[in-house]
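> Residue numbers (the numbering used here), protein chains in the order written: chain A, 304 to 617; chain B, 431 to 736; chain C, 37 to 464.
Since the hints were derived computationally from the structure, they do not count as laboratory data.
Only a predicted model underlies this, so the values are computations on that prediction, with no experimental measurement involved.
It is possible that part of the hints are untrue.
[Claimed, not checked] Rough simulated footprint, nothing fancy, chain A against chain C, three-plus residues with beta-carbon under 8 Å:
no.: 1; region: 151-160
no.: 2; region: 426-433
[Said to hold, decoys possible] Listed next, with one range per pair, are the computed distances between beta-carbon atoms:
no.: 3; chain 1: B; residue 1: 544; chain 2: A; residue 2: 355; range: 23 to 31 Å
no.: 4; chain 1: B; residue 1: 717; chain 2: A; residue 2: 608; range: 36 to 44 Å
no.: 5; chain 1: A; residue 1: 608; chain 2: C; residue 2: 115; range: 32 to 40 Å
Where is the CB? At the ideal position from N, CA and C, for every residue including glycine.
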Amino acid sequence: MTTLTASTSESSTLRPSRRRPDRGRRREVVAGYLFALPFLALFAVFTVGPVVASFLMSFTDLTARDVRNPLSVEPVGLDNYAKLLSDDTFGQAAFNTAYFVVIGVPLTMGLALAVAVGLNSGITRLTTFFRVGYYLPVVTSIVAVAVVWRFLLQPDSGIVNTLLGYVGVEGPSWLRSETWAMPSLIAMSAWRNMGYLVVIFLAGLQTVPKEMHEAASIDGAGAWNRFRYITAPMLRPTLLFGGVVTMIGYLQFFEEPFVMTRGGPLDKTLSTAYYTYNQFGFGNYSYASAMAYVLFVVIAIVTFVQFRLLGDRD
Amino acid sequence: MTTSTRPEPAAVSPIAAVPPLNTSRPRRSGRSSVGEPHPIPWVYVVLTGGLVLLVGPFLWMLLGSFRPDRELDVVPPSFLPQDPTLDNYRTLFTELDFVTYFVNTAVVAVAITLGNIVFCSMLGYALAKLTFPGKRVIFGLVLGTLMVPGIVIFVPLFVLVSNLGLVNTLPGLIFPFLAGPFGVFLMRQFMQSLPDELIHAARVDGAGEWRIFRSIILPLCKPALATLGILTFLTSWNMFLWPLVVAQSEERYTLPVALAIYAIGENKRDDGLLMAGSVVIILPVLAVFLVLQRHFVQGIAMTGIK
Amino acid sequence: MRTWTTGWTRGATVAVLAAVALTGCGRDDGAATQDTKAKKVTSGKASGDITVWALGAEGEKLSEIAADFEAENPDSKVKVTVIPFDAAHDKIATAIAGGQTPDISLVGTTWLPEFAATGALDATPTDLIDPSRFFEGSWSTTDVDGTSYGAPWYTETRQIYYRKDLAEKAGVTPAEDWSQADLKTFAQGMQAKGGAKWGISLQPGGQGSWQSVMPFAWQQGAELVDGDAFTFNTTAMQEGLDYYASFFEEKLSPTDLSAEGALETGFINGEIGAFVSGPWHMGILRDQGGAGFEDKWAIAGMPTEESGTSFTGGGDLVVFKDSKNRDTAWKFVDFLTQEPQQQKLYELVGSLPAVQSTWESGELSTDPLLKSFGDQLQDAKSAPAVATWEQVAAPLDDAIEQVSLGKSDAKSALGSAEEKANGIGFGN
Numbered sequence: 304m305t306t307l308t309a310s311t312s313e314s315s316t317l318r319p320s321r322r323r324p325d326r327g328r329r330r331e332v333v334a335g336y337l338f339a340l341p342f343l344a345l346f347a348v349f350t351v352g353p354v355v356a357s358f359l360m361s362f363t364d365l366t367a368r369d370v371r372n373p374l375s376v377e378p379v380g381l382d383n384y385a386k387l388l389s390d391d392t393f394g395q396a397a398f399n400t401a402y403f404v405v406i407g408v409p410l411t412m413g414l415a416l417a418v419a420v421g422l423n424s425g426i427t428r429l430t431t432f433f434r435v436g437y438y439l440p441v442v443t444s445i446v447a448v449a450v451v452w453r454f455l456l457q458p459d460s461g462i463v464n465t466l467l468g469y470v471g472v473e474g475p476s477w478l479r480s481e482t483w484a485m486p487s488l489i490a491m492s493a494w495r496n497m498g499y500l501v502v503i504f505l506a507g508l509q510t511v512p513k514e515m516h517e518a519a520s521i522d523g524a525g526a527w528n529r530f531r532y533i534t535a536p537m538l539r540p541t542l543l544f545g546g547v548v549t550m551i552g553y554l555q556f557f558e559e560p561f562v563m564t565r566g567g568p569l570d571k572t573l574s575t576a577y578y579t580y581n582q583f584g585f586g587n588y589s590y591a592s593a594m595a596y597v598l599f600v601v602i603a604i605v606t607f608v609q610f611r612l613l614g615d616r617d
Numbered sequence: 431m432t433t434s435t436r437p438e439p440a441a442v443s444p445i446a447a448v449p450p451l452n453t454s455r456p457r458r459s460g461r462s463s464v465g466e467p468h469p470i471p472w473v474y475v476v477l478t479g480g481l482v483l484l485v486g487p488f489l490w491m492l493l494g495s496f497r498p499d500r501e502l503d504v505v506p507p508s509f510l511p512q513d514p515t516l517d518n519y520r521t522l523f524t525e526l527d528f529v530t531y532f533v534n535t536a537v538v539a540v541a542i543t544l545g546n547i548v549f550c551s552m553l554g555y556a557l558a559k560l561t562f563p564g565k566r567v568i569f570g571l572v573l574g575t576l577m578v579p580g581i582v583i584f585v586p587l588f589v590l591v592s593n594l595g596l597v598n599t600l601p602g603l604i605f606p607f608l609a610g611p612f613g614v615f616l617m618r619q620f621m622q623s624l625p626d627e628l629i630h631a632a633r634v635d636g637a638g639e640w641r642i643f644r645s646i647i648l649p650l651c652k653p654a655l656a657t658l659g660i661l662t663f664l665t666s667w668n669m670f671l672w673p674l675v676v677a678q679s680e681e682r683y684t685l686p687v688a689l690a691i692y693a694i695g696e697n698k699r700d701d702g703l704l705m706a707g708s709v710v711i712i713l714p715v716l717a718v719f720l721v722l723q724r725h726f727v728q729g730i731a732m733t734g735i736k
Numbered sequence: 037m038r039t040w041t042t043g044w045t046r047g048a049t050v051a052v053l054a055a056v057a058l059t060g061c062g063r064d065d066g067a068a069t070q071d072t073k074a075k076k077v078t079s080g081k082a083s084g085d086i087t088v089w090a091l092g093a094e095g096e097k098l099s100e101i102a103a104d105f106e107a108e109n110p111d112s113k114v115k116v117t118v119i120p121f122d123a124a125h126d127k128i129a130t131a132i133a134g135g136q137t138p139d140i141s142l143v144g145t146t147w148l149p150e151f152a153a154t155g156a157l158d159a160t161p162t163d164l165i166d167p168s169r170f171f172e173g174s175w176s177t178t179d180v181d182g183t184s185y186g187a188p189w190y191t192e193t194r195q196i197y198y199r200k201d202l203a204e205k206a207g208v209t210p211a212e213d214w215s216q217a218d219l220k221t222f223a224q225g226m227q228a229k230g231g232a233k234w235g236i237s238l239q240p241g242g243q244g245s246w247q248s249v250m251p252f253a254w255q256q257g258a259e260l261v262d263g264d265a266f267t268f269n270t271t272a273m274q275e276g277l278d279y280y281a282s283f284f285e286e287k288l289s290p291t292d293l294s295a296e297g298a299l300e301t302g303f304i305n306g307e308i309g310a311f312v313s314g315p316w317h318m319g320i321l322r323d324q325g326g327a328g329f330e331d332k333w334a335i336a337g338m339p340t341e342e343s344g345t346s347f348t349g350g351g352d353l354v355v356f357k358d359s360k361n362r363d364t365a366w367k368f369v370d371f372l373t374q375e376p377q378q379q380k381l382y383e384l385v386g387s388l389p390a391v392q393s394t395w396e397s398g399e400l401s402t403d404p405l406l407k408s409f410g411d412q413l414q415d416a417k418s419a420p421a422v423a424t425w426e427q428v429a430a431p432l433d434d435a436i437e438q439v440s441l442g443k444s445d446a447k448s449a450l451g452s453a454e455e456k457a458n459g460i461g462f463g464n
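One chain only, chain A, in its complex shape:
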């Protein structure tokens, strides 16, 4: 670590070192803003604007019936938020979401990491073939995925129950069972979203220079130790990214219950995002906004914790 500062100051002894930092500093700041400008301009107009508008909306009682004259809504303060606390369905949806995330995120990340490491471990043949294969569920339309999974999970003739039947277990009606519907959806999501993470982790694994592995294995480190002490630490920013992105995605999971169970049975697979979508469908725009921002707060807290745990640089 000190070698780096040493090297810089070494090379700069040839130039006057006092002026350089100021000019360099300012140049860096200007560059920083210029690099940021195009993104921020678009972002401010098309993202920040609507976000602020919808946030303000959550403090009113705006419904679809008011959209033609939006300024005539009444501000109701925290009413929408208070209503959420006494909304049983919201409580169920929140629980379902937590359940999904707590099990689903580690499962998906673990599987994806294992696959990525496997794909990166010098498999020379068929690399492309494997990569494409693992990416396919990600690109396959959710409708096709739903048809197949529903078929797999059929109580009578589905493959899963047939296989279970061979070992003498009578499989339940997966999607209509209050206990098994959610685990089924978790399995389906892990299966489907693994591909995203494999792609990301693969890219991250590429930044681990092979010299390190060579050096380590020369020193006698086995595969597991190499993974633990070299790969994993270097992968940290990527892991953080993968973890945060998956967590954010899963906290907002919507598609799977929407096509597979419609939130049933009896709201046992209703997610917060799905419930919010329903409320938008009913025209309860301000209530739905409040719900969305509660979800946002949860996501923010969880993300913050992740950043702390996985150690962010800045």
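Starting from the structure of chain A, add chains B and C where the hints point.
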């Protein structure tokens, strides 16, 4: 540097490459050009097993696209089409104004992908490697919006786009998504792993900031850029709800919207057409994936400047 | 009439939002300022351009029918944009929010009250369009608080499809005015002697199951609203739901038909003896049943208790207030509800016309299956014309699911649904 959480022994730095290692060691069998030296045979087995599981539904979709309507509704369905037909594809290309929809979808997806690659890498670099006041606020803001459930800005965004006169235009489909927080987050994380020495050295050599970014940083980021390109292309190509709402006339429809119109009726779904359409819709995404995934293999890119 | 929030929260709210300059805002406490009186339409030929949003299959064929209108009214042009059926509700709602509505749109009958409540729809000029020409159930879907918006275009209703051959074998062929008890006996017979695994297939809760249950409740004389409250928990409602749930209890209906196409497959191979559906299934059964299947099935009307009511849905055409060419828009709507166009719609798409006189000629009057739908349309009801119906229907569907699966009894489930529904209110 002292607060870095990464191990940074001098030997690691690619600049201080370790030539003696490469020349004096005999090559071990099965070593590939990247990653870890030993491929373990059972890895193949496990990966292939997983692959079968994953490819299943896609195969299903593919086979289903060649089935006539009758067969698709039979439960349980047979594995291979018993009466294969090209009818679904025929309907797809003749009854739908396929070319228009394809062009619309392509223009939108390419524009959004390129835009994200450029803008997000620029901001990502600034956040990862440059120092300037307000950096943390900007990152917080970007990350924050990533955490806002998308559905909630839908209506205000539409009202905005409508007031800007962008309804039923391709820019209306493109502009809201050119600055995606996901891309910034991705690029920032990747760029953090890049060694600072490269930048310092280049500055010392008198290179301007843009030159450093373009000629040094970007080439090193190929895996990240490829990843961003693939993922952005995928999501923008498959967008459904926004193009549906923004397009007011059929000339502006994208493929997913058109497919939904023709394949999903009030009481009956044309599954064959849906499958055929889904297969066709996937192909460009797969093509982009195939093209860009080569860049996952960094090879010797990391082993030196220029 | 809105009531203000309690003192201190209101004060806090005003303080918080004062900086955002919302102090000048607020809804009028008085009556709605909506103009609900329909304006007259001028006579003579139509002119100018109009845009029409159409959904699904009917939408695709609309251009053909529109061409006839353009021929009759050479100064006008009709531009048809087809939108997907699934997401149409979202698209129309968002368009209203963004002020980007077309001149005319087709809407699902259960959506109309909610769009009307936004004030975006134009009231129907009843001098131009005569309500009595339509089926009562269909016209009622356009009526919100005494004012009509738009006009029905096509309609549908539900009846009982059954395996004729199995019924004959079991000796339980449905009679013209059979009762609910007869229907039960029928299902039992189909199972015991007809060889079917399930006597009849009904929807055990889930989205939209109220459409399956309500006919049986309506037949007992139940109503969904009374005045300005929902009445889900009346004796008649309980009776209807209990009757419905008994089919599941007695294992006459399956509680789990999760696979796509399982219903049709089951019916064709004789596992399922009967099911309830609308006219679209005629085409599906003909397509899938293959040669010779046509003789094996028939359609029976709903059983009769106090009445033989079924559910009716369909599509309504609405004109938007922001339309720049209101005259031509209404003329086009009127055109579409004339007999020749209604007949043409049936021929092109197979959708049932909402105009009664169309049923007096052609296939609609001769084909016995179609005729039975026509007869059922004389006694069919729809959801109450309340803006919050979709939201209120969700607790009702939940109650149906609970009772169907045996998790609750009708009285407590319906009681809880009624409470939730009245908590949501009519959305005024």
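> Hint by hint, note whether the structure agrees.
We went through each hint and held it up to the structure:
1. For a cut-off of 8 Å, the count of residues in the region 151-160 of chain C with a CB near a CB of chain A stands at 4, and the three-residue condition holds.
2. Evaluation of the coverage hint for the region 426-433 of chain C: fulfilled, as 3 residues show C-beta separations to chain A shorter than 8 Å, against a requirement of three.
3. The hinted window of 23 to 31 Å between residue 544 of chain B and residue 355 of chain A holds, with their beta carbons roughly 28 Å apart.
4. Remark: the range hint 36 to 44 Å for residue 717 of chain B to residue 608 of chain A is upheld by a beta-carbon distance near 39 Å.
5. At about 54 Å, the beta-carbon gap between residue 608 of chain A and residue 115 of chain C misses the expected band of 32 to 40 Å.
The earlier numbered hint that this structure contradicts is number 5, and it is the only one.
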